[in-house]
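All the letters of the sequence shown, read from the start, carry residue numbers -18 to -1, 1 to 206 under mature numbering (1 follows the signal peptide of the UniProt record, and there is no 0).
These are calculated hints, taken from the structure and not from any lab test.
Idealized CB from N, CA, C, for every residue including glycine.
Just to be clear, a hint being listed does not mean it is correct.
Unchecked claim - Within a straight-line C-alpha distance of at most 30 Å, the following computed DSS-like cross-link-like pairs (lysine-lysine) qualify:
#, residue 1, residue 2
1, K176, K56
2, K206, K62
3, K89, K164
4, K206, K164
5, K69, K96
6, K64, K89
7, K69, K176
8, K56, K164
9, K89, K171
10, K69, K95
11, K64, K171
12, K106, K176
13, K206, K89
14, K176, K89
15, K176, K62
16, K56, K69
17, K96, K164
18, K164, K64
19, K62, K171
20, K171, K96
21, K40, K96
22, K96, K106
23, K95, K40
24, K40, K69
25, K206, K40
26, K176, K95
27, K206, K95
28, K171, K206
29, K40, K164
30, K176, K96
31, K40, K106
32, K95, K106
33, K176, K164
Claimed, not checked - Derived DEER-like restraints, expressed as beta-carbon distance ranges:
#, residue 1, residue 2, range
34, N81, P17, 29 to 35 Å
35, R59, P195, 28 to 34 Å
36, I84, M52, 29 to 35 Å
37, A144, D104, 15 to 21 Å
38, T116, T160, 31 to 37 Å
39, I159, Y200, 31 to 37 Å
40, P42, D104, 35 to 41 Å
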Amino acid sequence: MKAVFQILTLLFLYNVSAQESTLPPNFVYVQDVIPDVVLEMRYAGENNFLGMSVDGYKSPVAILSRPAAMALAKVQRELKEKGYCLKIFDAYRPQRAVNHFISWARKPEDTLKKAQFYPGLDKKDLFSLGYISTRSGHSRGSTIDLSIVDYNSGEEIDMGGAYDFFGERSHHNYTNITPAQKMNRSILKNAMMKYGFQPYSQEWWHYTYQPEPFPNTYFDFLVK
């Protein structure tokens, strides 16, 4: 029995090593570091502000720089003690995905998901308002979009606004939400900041690990 266990362990380590070998040095698959993390990789499917799978996303997996992933594992351990689990919507994002956002923004007639994601805004203003950028921190490999769920039920915790909603409701300083929703945002924010992740003021779900290992590099390898 011991020999079988050792063989299975070696096979697991081999598979992890083989999978990581497809990534650039110092990048990892988040689930290899945090096996119980919940993934809902929005840009690999159609439930996003474009309404389609985004260029560069071939599989619904989350990739981060190794330092960011290791820090995120500490966040997960702390949140589990409080009955929560991390849920990831996006992590590393290829530059070609950002280019897809740019080409989409140049098509004013394409408003398929306006009612859900940007009902109060004109899509041409999404760049100037800071919701979309021609260069994304996600492409540097240490930025992540995430929320928390109940660890036992898997039910998403109410943050007072949906992921990728473009509007003031998504801002960290937005006040027109309930005390419980404010507390839920604080639970995530406090845990993330404790382990080196800095928030983005306009999106309650968006955090960047500091110091970034690749602060000036915008990668374009596929998410697969």
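Hint check:
Distance hint between K176 and K56 is fulfilled; the C-alpha atoms sit about 9 Å from each other, no more than 30 Å. A hinted pair counts as satisfied when its Cα atoms are at most 30 Å apart, and K206 with K62 qualifies at roughly 28 Å. At most 30 Å may separate the alpha-carbon atoms for a hinted pair to count; K89 and K164 exceed this at roughly 36 Å. A threshold of 30 Å between alpha carbons decides the hint, and for K206 with K164 the separation of about 35 Å lies outside it, so the pair is violated.
Restraint check for K69 and K96: satisfied, since their Cα atoms lie roughly 24 Å apart, inside the 30 Å limit. Taking the CA atoms of K64 and K89, the gap is near 45 Å; set against the 30 Å cutoff, the hint is violated. At most 30 Å may separate the alpha-carbon atoms for a hinted pair to count; K69 and K176 meet this at roughly 18 Å. Of the supplied pair hints, the one linking K56 and K164 holds, its CA atoms being roughly 23 Å apart against a limit of 30 Å.
A C-alpha spacing of about 35 Å is found between K89 and K171, which places the hinted pair above 30 Å, so the restraint is violated. Our distance criterion of 30 Å between C-alpha atoms is met by K69 and K95, whose separation comes to about 22 Å. Annotation: proposed proximity of K64 to K171 holds, straight-line Cα distance about 14 Å (limit 30 Å). With a CA separation close to 36 Å, the supplied pair K106 and K176 exceeds the 30 Å bound.
Restraint check: the Cα-Cα separation between K206 and K89 comes to about 28 Å, which is no more than 30 Å; the hinted pair holds. Annotation: proposed proximity of K176 to K89 is violated, straight-line Cα distance about 41 Å (limit 30 Å). For the proposed pair K176 and K62, the alpha carbon gap of about 15 Å is at most 30 Å, so the pair holds. Distance restraint check for K56 and K69: the Cα-Cα separation of roughly 14 Å lies within the 30 Å cut-off, and the hinted pair is therefore satisfied.
Taken as a hint, the K96 and K164 pair is honoured in the structure, with Cα atoms around 26 Å apart against an allowance of 30 Å. For the hint linking K164 to K64, the alpha-carbon distance of about 17 Å falls within 30 Å, and the restraint holds. Taking the CA atoms of K62 and K171, the gap is near 15 Å; set against the 30 Å cutoff, the hint holds. Only pairs whose Cα atoms come within 30 Å are accepted, and K171 paired with K96 is accepted, the gap being roughly 28 Å.
Simply put, K40 and K96 have alpha-carbon atoms about 25 Å apart, close enough for the 30 Å limit, and the pair holds. For the hint pairing K96 with K106, the CA-to-CA distance comes to about 12 Å; that is within 30 Å, so the pair holds. With a C-alpha separation of about 22 Å, the suggested pairing of K95 with K40 holds against the 30 Å cut-off. Annotation: proposed proximity of K40 to K69 holds, straight-line Cα distance about 20 Å (limit 30 Å).
In summary, the hint linking K206 to K40 is supported, as the alpha carbons are separated by about 5 Å, within the 30 Å threshold. Of the pairs offered as hints, the one joining K176 and K95 is violated, with about 35 Å between alpha carbons and a cut-off of 30 Å exceeded. Among the hinted pairs, K206 with K95 is consistent with the structure: their alpha-carbon atoms are about 25 Å apart, no more than 30 Å. Under the criterion of a C-alpha separation no larger than 30 Å, the hint pairing K171 with K206 is consistent with the structure, at around 29 Å.
Annotation: proposed proximity of K40 to K164 is violated, straight-line Cα distance about 35 Å (limit 30 Å). Straight-line distance between C-alpha atoms of K176 and K96 comes to about 35 Å, which puts the hinted pair past the 30 Å bound. Proposed proximity of K40 and K106 is supported: the alpha carbons are some 28 Å apart, at most 30 Å. As the CA atoms of K95 and K106 are separated by approximately 14 Å, the hinted pair is consistent with the 30 Å bound.
Restraint check for K176 and K164: the C-alpha separation of about 18 Å stays at or below 30 Å, so the hint holds. Remark: the range hint 29 to 35 Å for N81 to P17 is upheld by a beta-carbon distance near 33 Å. Checked against the given bound of 28 to 34 Å, the beta carbons of R59 and P195, roughly 22 Å apart, lie outside it. Distance hint check for I84 and M52: the Cβ-Cβ separation is about 32 Å, which falls inside the suggested range of 29 to 35 Å.
Range check, A144 to D104: Cβ separation about 20 Å, and the 15 to 21 Å hint holds. For the pair T116 and T160, the beta carbons lie near 36 Å from each other, so the given range of 31 to 37 Å is met. Restraint check, I159 to Y200: a C-beta distance of roughly 34 Å satisfies the suggested window 31 to 37 Å. Under the hint 35 to 41 Å, the C-beta atoms of P42 and D104, about 31 Å apart, miss the expected range.
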